[in-house]
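Asks: Sequence:
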Amino acid sequence: MTKNVKLATLTAAALISASMLGGCATTDKEARDMAQAAMDAANAAQACCNANEERINRMYQKIMSK
Numbered sequence: 012m013t014k015n016v017k018l019a020t021l022t023a024a025a026l027i028s029a030s031m032l033g034g035c036a037t038t039d040k041e042a043r044d045m046a047q048a049a050m051d052a053a054n055a056a057q058a059c060c061n062a063n064e065e066r067i068n069r070m071y072q073k074i075m076s077k
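In the numbering used here, each number is its position in the sequence shown, counted from 1, plus 11.
These aren't lab readings, by the way, just hints derived from the structure by calculation.
The model shown is predicted, which means the values in this text are computed figures rather than measured ones.
Backbone N, C-alpha and C fix where the C-beta goes; we use that ideal spot for every residue, glycine too.
One thing to keep in mind: the hints can contain errors.
Label-pair ranges, simulated between beta-carbon atoms [to be verified]: (1) A42 to K73: 38 to 48 Å; (2) K40 to S76: 47 to 57 Å; (3) M50 to Y71: 23 to 33 Å.
Please model the entire structure based on the sequences and the hints provided.
Replies: Structure (structure tokens):
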């Protein structure tokens, strides 16, 4: 291989690698955003469950105190 062909091949490989890594970074960011959204939804659902449990416990205590 000539020097120019080797340089062109290395340059192409470097560009392809950089574009792949850039794609991974975007995918990583998207994955983190999706995970955060899932965590927010789970926390909201847990807060709802906790509120329902407290309401049921108050109703139970009210019934038992009669």
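Asks: Give a verdict on every hint.
Replies: Tested hints:
A beta carbon spacing of about 47 Å between A42 and K73 agrees with the range 38 to 48 Å that was offered as a hint. Against the hinted window of 47 to 57 Å, the Cβ-Cβ separation of K40 and S76 comes to about 54 Å, which satisfies the hint. Between M50 and Y71 the beta carbons are some 31 Å apart, a value that agrees with the proposed interval 23 to 33 Å.
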